[in-house]
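> Residue numbers (the numbering used here), protein chains in the order written: chain A, 1 to 813; chain B, 1 to 168.
Among the hints, erroneous ones may be present.
[Stated by the list, open to error] Taking beta-carbon pairs under 8 Å as the criterion, some of the chain A residues facing chain B (in silico):
#1 Pro-77
#2 Tyr-78
#3 Asn-117
#4 Glu-172
#5 Ala-325
#6 Ala-330
#7 Leu-332
#8 Phe-480
#9 Leu-723
#10 Ala-812
#11 Ser-813
[Stated by the list, open to error] Here are a few chain A residues that sit away from chain B, every Cβ distance over 10 Å (derived from the structure):
#12 Ile-135
#13 Pro-242
#14 Asp-716
[What the hints assert, rightly or not] Straight line, CA to CA, 20 Å or less: simulated DMTMM-like cross-link-like pairs of lysine to aspartate or glutamate:
#15 B:Lys-56 <-> A:Glu-186
#16 A:Lys-173 <-> B:Glu-60
#17 B:Lys-89 <-> A:Glu-180
#18 B:Lys-89 <-> A:Asp-169
#19 A:Lys-805 <-> A:Glu-594
#20 B:Lys-51 <-> A:Glu-186
#21 B:Lys-56 <-> A:Glu-180
#22 B:Lys-110 <-> A:Glu-180
#23 B:Lys-56 <-> A:Asp-667
#24 B:Lys-51 <-> A:Asp-729
#25 A:Lys-343 <-> A:Glu-180
If you are wondering where the hints come from, they were derived from the structure by calculation, not from laboratory data. A virtual CB, placed ideally from N, CA and C, is assigned to each residue, including glycine.
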Amino acid sequence: MGSPLHKSATGLGTAVLEKPEATDLSPEMKLVRDALFRHVGKPLPRKEDGRLITGKGRFSDDFSLPGQTFAAMVRSPYPHARILGIDTSEALASPGVLTVLTGADLLADGLEPIPHNPVPSTKFDVKLTAAGGGIPFTGPHYLLPADKARHVGEAVAVVVAETAAQAADAAEKVFVDYEELPHVTETAKAALPGAPAVWDEVPDNVFIDSSFGDEAATKTAFAAADHVVKAEFHIGRVTAVPIEPRSSLGHFDPETGRYTLYAGSGGAVRQKGELAKVLGIEPKDLRVLSYDVGGNFGARNRVYVEFGLVLWASKKVGRPVKYTATRSEAFLTDYQGRDLITKVELALDREGTFLAMRADNLSNVGGRCVSLSPLSKGSGLITGSYHIPVATLRARAVFTNTMCTQAYRSSGRPEVTYAIERLVEKAARELGFDKLELRRRNLVSPHMMPYTNAVGSIYDSGEYEKNMDRALELADWDGFEVRREEAAGRGKLLGRGFANYVESSIGSPKERAEIEIKQDGTVEVVIGTQPSGQGHETSFAQVVADMIQVPVEKVWIVLGDTDIVSVGGGSHSGRSMRHAGTVMAMASADLLKEGRRRAAEHFSADFDAIDFESGHFKLRGTNQTIDIFTLGNLTREKDGPLRVARDNEMHTPVFPNGAAICEVEVDPETGHVLITSYATVDDVGRCINPLIVHGQTHGGIAQGVGQAMWELCAVDASSGQPLAGSFMDYGMPRSDNMPSFKCEIAEVISPTNPLGIKAGGEGGTTPALATVVNAVLDALKDYGVTDIDMPVTPHAVWRAIHQSKGERDARAS
Amino acid sequence: MDLKGEYRIAAPREHVWALINDPQALRECIPGCNSLEGSLEDGFTARVTTKIGPVKATFEGEVTLSNVIAPESYTISGAGKGGIAGFAKGGADVNLADADGETVLTYVAKAQVGGKLAQLGSRLIDSTAKKLADEFFASLAARAAPADAAAAVIETPAERPKARWFSR
């Protein structure tokens, strides 16, 4: 996907690059910031790639311990069934079996549910409550349920044996006495009166019901409006499909009384804290190691039951226990994404100015609530990139007999972007406005920044119309007619789709950085984020190297071992570069301050007489200098290692934004859709490494396009059975069905953090669903097709063409 | 999923009725049936091995006859567990009608699978179930009229089951 790596003309060389005003910066902070502003932005190739492509990665399943045993899960084949009893005798008598554990054993041992803490908690997150404002019941998530299985695939027992094959064989001999119960898997049906209750505690399944915005003002605005346009969309269930299935190796050491867990995740610190609570132990008695992670996209942020099970089982059998999911198990029980039904209404005046909006969002969390991030994130962004003076939103979440959902690549934002961008397009079509002019007329403009939207989110900065203009140029929007005619000559229908987007990046607020000048002439940086392909080892090294002015090769990033990394919010919500960058800048400044102090002592001079330049401390007005490594070594004996640790807490969100355009070619005979071009402009704030940001954007686009075109966790509603358990039935984006992307980065510096960073990567996903579907509908407009559900598979497109044709024929006759 | 089928069997109705109530005949005609034990009155326990797409499994379960109206119709039902492969359950309403000394057998069958069978074999279930039903009734017909089995079995085109994963 070779796209140009140059930065956007819209972002560079203009007034937008002015540094954020900050008069209260320490001299060291000014130094590191100025140094950073001189050097970052280089497309450095990733440091980690050499290691990863030569088989030196350290993924979870690569770890083995002497005497290790293997676990296999006994999973429910029913969507909803009471567990009347579990007969483990035959399994226990099978070759190599060491133990079989059930939910009843778990309760007997006093294990606690996973404390998912699913309600987003920062000051800026939308507040979700139960109906009437109460604390929501979220469904305790025990490692194994003792009462009921609430979705197909839920683990109800674990078998531990000498080999993986023996464990799998014995798992077949665990006989669970199930009483099948009525089930509900569909989002809308679960919220209807009379639906089977997934939890007795929530008889109507709706455990979140909150409203936002000014209801009275919205009502008035709708009543006075010239036009009202309505739509309802279902953004379906998908799964992350990381290339590395989840895996865990647990070990309990009776001598030290400590547990160790090797498990790739989105952040080892969270895993440690929550699993310690599950086991009822002090956090210090659990060490979690998470090195290389083969894809996360949100699915790995939360604790998986198997991670706790291998730790618990290890203590039981007195040996290490390993569990690695099969691909089928990953399809069935990786935390899944999306699944939102949204009903939206837009009020407009005669000229096309947006007056008000209403939204009603219903999120399907599955059998228990692991995270409300998607509902919450989306709730704050229902008005999209547009100035809509008043709006109301009802946000609800519902239990169903399906796998739990979690934040998935750009949690919650693609859903609401899909809703507003398709609604705006519908308004243009129905009311006769030009779809781009209607957008322009209503975009939030730079002079309105910081802009508070109608549901209270404060957009920090952005030049939305400029993004739009540049994306139109990149995509050669005006040359479309020529391409359309050329395609028509070949019997193909060319369509173009457009979407603006704005998204929020909030994320876990705390981060810590430790920086040490090592004796061997390297710099070690300890940080609590967890890359899974984002290239932190490169971009973070780049940041620190620039700030303390040493070659980037000398900087090593240490992450993923909770014995070294004590604090850290992990990697999610586009938080890593912003949080890590900020705290690394603070730590670098602290390091330079300590360095100046030591250098002053070394030169027997005043602190204020010490400058720092090109990695050297200098005594002003002399030729005396000392480099940072030599200083570290010279002062090590007296002052200890030249080392700092810095904590930072940052709540203020940032709002990455941009525009995306795609063109599709539809074959009306077969319904096949081919994406012929795709262009984006993404305002990521300050870009540290454009090579990495582009790579992240490309992956993000593919992930959004995947949902629009192929991906769906199909469930047969009548039987409650998931139908997509392998790549045979779950379509994926591939290099051969993606075009070469034209991506540009716009850098409108965020005033919310010292480095001006927003976030990158998820912006590829956020507008992609709307962009692709808008393009397909544009291609089909001559057939009278105005709506189509995702994924837009050939059959869905073919059917839409013929259904619409049938309706027209029926009208004509 | 509803499957329908119709067979014309060159044997009198009483003969066919006796056959579809004969445990040994059932055992030999149920595709992949390893064992069938029990009685008409109390039901049978059965062991059946079958393959749906990539999943091969041995099901252990019960087969029962109900709604028996001799010599005209009954409902044959089965439910089996196939270990880690999941479960299958289903049944067929079987009807026999006289037709000039021969018998027309019609059935309406339902089948449902769960677990790995559904996740991996869902798009093959309709065709597999149809194939298994055809094999079962073809074997029965062949036993009923062994002299000229091939000619005697006339399958009338059954209604094609709707492909559910497309109609979503």
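> Against chain B, run the beta carbon of A:Ala-325 and see if the smallest gap drops under 8 Å.
At about 14 Å, which exceeds the 8 Å cut-off, the nearest Cβ of chain B leaves the hint on A:Ala-325 violated.
> Within a Cα-Cα threshold of 20 Å, do B:Lys-89 and A:Glu-180 meet the stated pairing?
The hint holds at about 13 Å.
> What's the verdict on B:Lys-56 and A:Glu-186, does the C-alpha distance respect the 20 Å limit or exceed it?
violated (30 Å)
> Run the distance test for A:Lys-173 versus B:Glu-60: straight-line Cα separation, threshold 20 Å.
Satisfied, since the Cα-Cα distance of roughly 12 Å is no more than 20 Å.
> Check whether the Cα positions of A:Lys-343 and A:Glu-180 lie no farther apart than 20 Å.
Violated - the C-alpha atoms of A:Glu-180 and A:Lys-343 are around 34 Å apart, more than 20 Å.
> So, A:Phe-480 near chain B? Judge it on the closest CB pair being under 8 Å.
Cβ of A:Phe-480 sits 32 Å from chain B, so the hint is violated.
> Hint validation: A:Tyr-78 versus chain B, beta carbon distance must be below 8 Å. Holds or violated?
Hint holds; A:Tyr-78 Cβ to chain B Cβ min 6 Å, cut 8 Å.
> Closer than 8 Å between Cβ atoms is the bar; does A:Ala-812 clear it against chain B? Give me holds or violated.
violated (26 Å)
> Beyond 10 Å on every Cβ pair: is that true for A:Pro-242 relative to chain B?
holds (18 Å)
> Should the interface hint for A:Leu-723 be scored as holding, given a Cβ-Cβ cut-off of 8 Å against chain B?
Holds, because the Cβ-Cβ distance from A:Leu-723 to chain B comes to roughly 4 Å (cut-off 8 Å).
> Should the interface hint for A:Ala-330 be scored as holding, given a Cβ-Cβ cut-off of 8 Å against chain B?
Violated. Min distance 11 Å.
> If you take the shortest Cβ to Cβ gap from A:Asn-117 to chain B, is it below 8 Å?
violated (31 Å)
Comparing the model with each earlier hint shows violations of hints 3, 5, 6, 8, 10, 11, 14, 15, 18, 19, 20, 21, 23 and 25; every other hint is respected.
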